[in-house]
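Novice: Construct all of the structure, not just a fragment, from the sequences and the given hints.
Taken in order, these protein sequences are the chains called A, B, C, D, E and F.
According to my numbering, the first sequence is numbered sequentially starting from 5.
According to my numbering, the second sequence is numbered sequentially starting from 5.
According to my numbering, the third sequence is numbered sequentially starting from 5.
According to my numbering, the fourth sequence is numbered sequentially starting from 5.
According to my numbering, the fifth sequence is numbered sequentially starting from 5.
According to my numbering, the sixth sequence is numbered sequentially starting from 5.
What the hints contain is simulated information worked out from the structure, not anything from laboratory work.
Warning: the hint list may mix true and false statements.
Calculated pairs, BS3-like style, for lysine-lysine (alpha carbon to alpha carbon, straight line, at most 30 Å) [to be verified]:
#1 F/Lys6 - E/Lys208
#2 C/Lys6 - D/Lys243
#3 C/Lys208 - D/Lys226
#4 F/Lys208 - F/Lys6
#5 D/Lys243 - E/Lys208
Derived list of chain B stretches under chain A, where covered just means 3 residues or more per stretch with a C-beta under 8 Å from a C-beta of chain A [unchecked claim]:
#6 8-19
#7 60-70
#8 87-101
#9 192-200
Where a beta carbon is used, it is the ideal one built from N, C-alpha and C, also for glycine.
Number of protein chains: 6
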Amino acid sequence: MKFHELTAPAIAGIDRDRTLVLLPIAAVEQHGPHLPTGTDTIICGAVAEAVEARAPESVLLAPVYWLGASAHHLRFGATLTAELSTYVATLCELARPLLEDGFRRLIFLNGHGGNVDPLKVALRELQLEFPQSILSGASYWSIAEEVIASGLEGEDRFVGHACEFETSMIQHLRPELVDEFRRAHAGPWLPDVVEGLFVSRDMKQRTRAGCTGRPDLASAEKGAALFEGIVARVGVAVKAMLAEPIPD
Amino acid sequence: MKFHELTAPAIAGIDRDRTLVLLPIAAVEQHGPHLPTGTDTIICGAVAEAVEARAPESVLLAPVYWLGASAHHLRFGATLTAELSTYVATLCELARPLLEDGFRRLIFLNGHGGNVDPLKVALRELQLEFPQSILSGASYWSIAEEVIASGLEGEDRFVGHACEFETSMIQHLRPELVDEFRRAHAGPWLPDVVEGLFVSRDMKQRTRAGCTGRPDLASAEKGAALFEGIVARVGVAVKAMLAEPIPD
Amino acid sequence: MKFHELTAPAIAGIDRDRTLVLLPIAAVEQHGPHLPTGTDTIICGAVAEAVEARAPESVLLAPVYWLGASAHHLRFGATLTAELSTYVATLCELARPLLEDGFRRLIFLNGHGGNVDPLKVALRELQLEFPQSILSGASYWSIAEEVIASGLEGEDRFVGHACEFETSMIQHLRPELVDEFRRAHAGPWLPDVVEGLFVSRDMKQRTRAGCTGRPDLASAEKGAALFEGIVARVGVAVKAMLAEPIPD
Amino acid sequence: MKFHELTAPAIAGIDRDRTLVLLPIAAVEQHGPHLPTGTDTIICGAVAEAVEARAPESVLLAPVYWLGASAHHLRFGATLTAELSTYVATLCELARPLLEDGFRRLIFLNGHGGNVDPLKVALRELQLEFPQSILSGASYWSIAEEVIASGLEGEDRFVGHACEFETSMIQHLRPELVDEFRRAHAGPWLPDVVEGLFVSRDMKQRTRAGCTGRPDLASAEKGAALFEGIVARVGVAVKAMLAEPIPD
Amino acid sequence: MKFHELTAPAIAGIDRDRTLVLLPIAAVEQHGPHLPTGTDTIICGAVAEAVEARAPESVLLAPVYWLGASAHHLRFGATLTAELSTYVATLCELARPLLEDGFRRLIFLNGHGGNVDPLKVALRELQLEFPQSILSGASYWSIAEEVIASGLEGEDRFVGHACEFETSMIQHLRPELVDEFRRAHAGPWLPDVVEGLFVSRDMKQRTRAGCTGRPDLASAEKGAALFEGIVARVGVAVKAMLAEPIPD
Amino acid sequence: MKFHELTAPAIAGIDRDRTLVLLPIAAVEQHGPHLPTGTDTIICGAVAEAVEARAPESVLLAPVYWLGASAHHLRFGATLTAELSTYVATLCELARPLLEDGFRRLIFLNGHGGNVDPLKVALRELQLEFPQSILSGASYWSIAEEVIASGLEGEDRFVGHACEFETSMIQHLRPELVDEFRRAHAGPWLPDVVEGLFVSRDMKQRTRAGCTGRPDLASAEKGAALFEGIVARVGVAVKAMLAEPIPD
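Specialist: As structure tokens, this is what we get:
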């Protein structure tokens, strides 16, 4: 079920106990020399739509909230962003009317790295207001970590930025938007964890090219296989949240 | 040009002086017994896309910011909303990176009544920060007031809520989402201006049915004609903002 | 009844159901070369006082809240202003104790253009908190639009800034504060609506002189007649709000 | 000079170095059974006007900001108030345009006890922004402590609330607004300092009657003498601030 | 009883009616050429610990909240500080869980001048939320004013900054942290009250040396005697708050 | 070097390039039936002090900021907490004066799970303001993950809450504060990650007993060995941050 395609009476008729609200959140920001700024939104939106399409009776899908916390990309230009405090507030406000309207099982499905920390802060704030709810969230790559690791060839077997993974996904989902990726060279790039410490750097400090890993290794076939695997794994997570007992 | 479909280098290459940024803003909220909650987003997004499609060399289109200021619909359920202060902050944050990146001509194209006042507050705040810019905004119905008045049959020849106009538009744009509109009866409804005074009422106080006017008079043909007229008028407004001299 | 001139027991004794609270809001800001910075406060305060004086048994008048949202005048100097977010908060705080104390009919009578948008945002916020109230507001010129149009001679038959209208009013109300108005030349000035779009400009961008229209056409006689007409029209609006049914 | 009665060019012509800006701040709140809610505003406004009248060439007077921090009176009703954080913000906003416009000597003249602490917080915030200014403030009773002590008869020889002092002042300034004060009995009331500790209590906890001390001892003659003494003392403080060297 | 040294069941077992919560608040900021930045925290913490040690059955001591409102020292460096609004919020948040958990008698024991005004604002905010509580606070020097005055030799017989008093106290409490105080010369320094007006100045404007008064007159013996006297006086204040009737 | 034990001139003399600022952050909150509420502060503070003690020439230690984001423990009582937004603001404010004073290498050493997400948000905010700095942070258990895993016996070889690890640490550091831990039974407890999703639950929902794992397996000897290993690993992280190149 798609929230934005239903009438109010149709939404009123949904069984709140057996329905999970899926709120995809992403970003519109620079994605290296070869991928569109909407990359995170395209991928996260497609995953969320596919998850809903496979379980339409128990998943209520909201439209992708595409404005992310992307200030660490601003020095590249081509980036839209919410301030961190506004972003936390907005995530809470997105969930609040649904929870007040009786829905009690909710997943924020995230598709952008910079959203992870404010998302967790928002989930902590919401829990204090709505303790009798299943309030959850994760990036799709955390849910499908193994699927992703096994589907990539380059050294970095995870989701970086405009990398082998993301390039493959956009080749699969929106190939017409990919620009000469074979020539995209990420060059060396810096991690954000050193000796167990999170080191806060903006993206320009981490990669001159605005991308990481090996976009040149990307292919639409990899993208298709990864997409399939991710959708399946998120589907498992959705079922888990539907089965989770409502807390006191 | 669509911001979210371009790469960062492509955006960097845009001529800032001859380009207008078009930021559509809408809502996802209850729309009576017969229209989808995404009605405002569907209409405003379609108008904005058509405007860009007819002047792709001079219009840079952002994705529709679909989360609106809809708290006055909350008592009906089936409504997502941002708080007014968060909404004002977000509109400013949407524009800020574009203005800092050199764009100087901007239209917020609005598709939801509740957004009008906070939009104007946001434009006033942005002007203080970016005085050397053309910062503008309006609901498409204010831009195309006469077009709309002349394209409707019922007594209310303007955009109400889930009314003759909106129903016609969704019949034109997404007919599969319209539910038994011939039976939708708005019944009597209250205005929000009395003797020149704005009287603040929530939507439940204004209309028991959640809609206004004569949805039963809607038709896809009306919708098509209205759509065409609105797109043309917004195109004129876009040209005006491209011609406006940059202020000191 | 004047709130600030009554004792607490006298206020406690007022019949809440049959009383309207009148909250005048204005500004202190530059008003061209010839009018005092307090112009908006003088006019709005005088109108509000006259309205109360003609219906003292049913109107409870608060003192004029003279600090307005005037940041768009700051580049001229001679301007005091609240930030937009502070102003919205303050309008809500002004109304809140009255509504919590049982009053249910309220008009914010506005006398400054920059206040209109934040006032409407404030009325929207208050409505969510106090749904069972008549919460209204408008600039006096919106209430008395026709009276004003018919009382002026120049091309601009509406309230601009330090214009024919405002100059006439101050000549009527406080003639000793008007400085050589016959020599005030507004020169060309820019509108804030172009092709249906609100274009956000500060006052220096709209008028080099800090005033609009034809102040040289002003007269105390026009001011007296306009004042009389406006007070009468606001009186009608007050009666309408006293007659409006309290919503659920 | 009265800010609100001058034109912008007149204000532009003021010698910033030799002028002190006087910002009176007060309240509108319950004042016992016998005094009007505007008591603090009437007294503080009258003192400020008299101070300006005696040194018009060196004092620039703003209109009284009458909305105070009066939440501790709310349980009595008949009280308007700003929230503490809004009030601090507003005091800063009141001063900011004046300081940015070149004025460097400023006194907030306070007439309400609940304003003292937020005023000092605001002065601390402003000092960080405008270090090269003389930013000062006090209640008139702190400036004229001895004058007040020597002009009263009752046991409490200071400014309480709707007390001998305030009643005398309103008898002097607006006698028609005083209601049967001879019968006003404050009864016992609690201090807000105990063994050196500030104990935060609302006014209802401190006095059942909403007033303190001996209003029955008030007289217009006392009021006149006190007023004269206070105005003189504030005049001395004004001169001191005009003489204070501008800091680095 | 020390809050941070007790288990949750032990805290649950405390008699709320007969217990006072003591919340020491201080600062870490420059303290002249000879005293450690932690001076205020050392003194205030030691006083609070001694007060608890003498009445452990009726005092529940929180750890010293050492981050103060010290922005007026920033120009000297060597200073940590909270913004004033954050500080007010934090003081409220410190008290709130204790008050919600049933404690009703609370003293904020302050050890830093810059904290006084925001502390009082916080106590005023808390009172509105928790009217049936004894919410109090003061600097230890306000509680023990006479003790301090009689224990000092220099002209300034009160607590300044890194002065005779504070130097004596640190010599008594942590002598190894005092650096060549005999050579510390405060030189002339400016008061913060002039003719009854609070004049907001940062510390660099008040004293070039970063200290006031006569640190060279300090001695550990004076410190020991002052400490003893202060602890006794704060003990009296604690007893008073334990005896104070709970308000309605 | 301990910030709070140094004079301002001593701090001014520190070589900013070769010094790392270590800011320990912790919490005071319920810790099961057997551990003191100050557990996190005791452990984190002791680790930070030991790290400084072993590299005093290159580490500048701030006092432990003991107030954490602990609202998820409030339902147990015996908990102090900052709101999440206040906590993020405060962490930024803690770092800001140090960074403005020239320090460029900073580690927030965290000792409380609820602080992790707001800490990362704060580090992201600070990076935008101070891009030419090494801004890092982590919980000590993330830095010393392997050390901890290998030092425990129970099934949960990580830091839970009032668990085998924390009980051992307090037995080592403050044995007199541990209460009958052999009888503490955590019972079953819920994880906060399910199928890759973070599920936001308060502590009462995760564990009825307020503790996790096997506190009964704790020993002072384990605590001593773990402490030693953690301090060594944090020392390695400190060296890494001292060696990290300053970014552009």
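Novice: For every hint, state whether the structure bears it out.
Specialist: Do the hints match the structure? See the list:
1. F/Lys6 - E/Lys208: Satisfied, since the Cα-Cα distance of roughly 24 Å is no more than 30 Å.
2. C/Lys6 - D/Lys243: violated, 36 Å
3. C/Lys208 - D/Lys226: Violated, because 51 Å separates the two Cα atoms, which is more than 30 Å.
4. F/Lys208 - F/Lys6: violated, 37 Å
5. D/Lys243 - E/Lys208: holds, 24 Å
6. 8-19: holds (count 9)
7. 60-70: With 4 residues closer than 8 Å to chain A, the stretch 60-70 of chain B meets the three-residue bar; holds.
8. 87-101: Contact hint for the stretch 87-101 of chain B vs chain A: holds, 7 residues under 8 Å.
9. 192-200: With 0 residues closer than 8 Å to chain A, the stretch 192-200 of chain B misses the three-residue bar; violated.
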